[in-house]
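Chemist: Following the hints, put chain S in place on chain X, whose structure we already have.
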Amino acid sequence: MEARPALSFQRPGAKQLSSMGMSGALSSSLPVLPTPLEETYPKLPDSQQVSMERELVTRPLNHASHLSSNSSVVGHMFSSSSGFSTDLHYSSLSPHEKHSRHSPFISQSSTNVASLPITHSSGSLQSTASHYAKENSASWQTDSLSSFLDFPVNNPIENSQVESSSCNAVLASEEFTKWADQLIADDDALASNWNELLGDTSVTDLEPKMVFPVSKSSPNFQAHQSQVPLQLPATSEEIRTVANPTSLANSAPAKPRMRWTPELHEAFVEAVNLLGGSERATPKGVLKLMKVEGLTIYHVKSHLQKYRTARYRPESSEGSSEKKLTPIEEMSLDLKTGMEITEALRMQMEVQKRLHEQLEIQRNLQLRIEEQGRYLQKMFEKQCKSGVDKLKTSATTSENPSTPSLDTVQESPAKSELDASQVDHGKTGTDPVNANTALEESSQELGGKHKVSEANNPENSEPDACESGSQPSKRPRTDE
Amino acid sequence: MKFGKRLKQQIQETLPGWRDKFLSYKELKKLVRSISSAPTLLNGSFEYGRAEDEFVYLLNNEIEKFNAFFMEQEEDFVIRNKELQQRIQRVIDKWGPKGNHPSEADYKEEMGKIRKDIVDFHGEMVLLVNYSNVNYTGLAKILKKYDKRTGGLLRLPFIQKVLQQPFFTTDLISKLVKQCESTIDAVFPVEDEEKKREAREAIIVAGEGIFRNTVAALQSMQEIRRGSSTYGHFSLPPLNLPDSELIQSVQLNSPIPIV
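Heads up: the protein sequence lines correspond to chains X and S, in order.
Here the first sequence is numbered in my numbering, starting from 416 and rising by one per residue.
Here the second sequence is numbered in my numbering, starting from 874 and rising by one per residue.
Simulated from the structure, these hints should not be mistaken for lab results.
The structure displayed is predicted, hence computed values, not measured ones.
A virtual CB, placed ideally from N, CA and C, is assigned to each residue, including glycine.
Among the hints, erroneous ones may be present.
[Unchecked claim] Under the rule of at most 27 Å between Cα atoms (straight-line distance), these lysine-lysine pairs were calculated in the DSS-like manner: (1) S:Lys1051 - X:Lys721; (2) S:Lys903 - S:Lys878; (3) X:Lys768 - S:Lys1051.
[To be verified] Facing chain S, from chain X, some residues (calculated, C-beta under 8 Å): (4) Val684; (5) Lys768; (6) Arg783.
Isolated chain X (complex conformation) (with noise of 0.2 Å):
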């Protein structure tokens, strides 16, 4: 057992079991939806960082509660195919596996991924891709970062044992043949372009569903690498979950989630009327009236489950959060008049809409943070690899080695963006706009203190941070 102090993640009930994170890409013969996707296990650090997008292949999970270890998540598959990705949403299984990473496991199973070099991915992920190929009935191009692939194809795993990445496990062949049977059996429409399914408007809402990476794990593996052995995935414990990135630990048979839309919803609701209504509509009728490619009997099932709750008993669905506080509030609103209600209601109106404001901003703040991150590294390693070479020989004595160019790099995105966020602790609310002047200068006598930002630290953490780029040598913290 895993040795770690109890963590008492909540699984999710039965139901939300079988649900997979996918943005409904159920089937296994996934649409060749091109989503970026960020490898997890950049065995190949050339060619990996370069690209941005990978295609992603997660197969979706719904296996089987043998595979029980839960997915390490960590799995992806790529396929840096032109233009073929199929995104398979891949849960894995039981929840009640925390203890699957034993430390057997996992170790084998990083040194598993460390251990795919090229000349073997090339191989092994030909015969995986002839097996995806049957299964999938897609065609499978990959590079040699599918090496990855070649864990689960041939390694049934039957044990429970927590040692087998049952997330990989999913890759075992026959598992993955009854859940593409099952799935084809549903419906045939599933071998079919997701961008159908939600329609053109909601196609970006399908991207962001896949894969969610392990994203470090480069660097870790190549220190692996070259402290283990190259050792093929022979047993089970090697397999690491292709799947998606959030790997599930839903064990269920293939429920993969499906992201409802306005659009797709109305398509529902014209559906049933043709049927006589959400009494007299069955979920197989709806599913062939709406004639949308991807969707399942399962989907249209409990979306329909959720339409009759809330047409039939509207004041209980609608309020249902606050079902057992109704008789508070309308305690105490009955002693106020029509009109203090309606003014109760307005503040409401106006605190909600504040917050929702403010969300938004919010968001935007952290999106462009997130993007100044990358834009950030993206300099790093391109100086890195034409600076380093300067670097070490140029003979560097000064404190400020020879990265003026960085510097400036560095200093222009980062510091009208970033430097926002670098308040000194007695400055306070001042809107972002000032505070981006008042903080600019501040910045710099911070900079002396606190080792704030990468821009100000410039000396330490560059010549490290090129270095480290793809290493997992210690970075010097530029946050204290």
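Modeler: Same frame as chain X, now just chain S:
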């Protein structure tokens, strides 16, 4: 542990069904602490690798939890949104001035109910957006802690993935919120500016429910962004709410209102 405390408060204040859907920040923090006490990278790469894998694994589980909950709620909202609109339309068609059986009394009565429902609906959606944001913030913080403690480089790429997750892509919900607002403005026009102002000056006692949650969320947000000891490139600026008196004027009482 400022964020942790804030998060806990928010969870306490949140709608009951949501309590277990938030980020398990505390546990993750403990985990990070125990990881950092593991041997350094050079000495024990296996250990490190394993610990990191576990961490990532748990994070992914959390994310999955968020996604599942979020999408479920989203689906409900989509359905309810349509239902509300239809309901409003039905009332207008039946009892409205140009309806089949125009009746001001009935119209007002039904609209009154709808108004409450729609405001609550709006509130719930906003709370869902808040949920998404809070969890994102928690994730960002825990990742930062992780990198800090272990010297890893997990944060940046991982957060990129998080940004694309369903639970963080709240565009649809925001759109529904705005739609809701315009519906409310259309159907319940603002009548008297003065009355509004008076209401604002009043101290409102907020019982349990959506309103309370919303206020709590706003206050929390303000607190969380008041200032940080670990500013960096990835920190948010402090939150300055216009009309913050509005928020302050709302007292959050204990669940049992004193009537």
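Chemist: Indicate, hint by hint, whether the structure satisfies it.
Modeler: Structure-based check of each hint:
no.	hint	result
1	S:Lys1051 - X:Lys721	holds (23 Å)
2	S:Lys903 - S:Lys878	holds (14 Å)
3	X:Lys768 - S:Lys1051	holds (9 Å)
4	Val684	holds (7 Å)
5	Lys768	holds (7 Å)
6	Arg783	violated (10 Å)
In this structure, only the earlier hint numbered 6 is contradicted, and the remaining ones agree with it.
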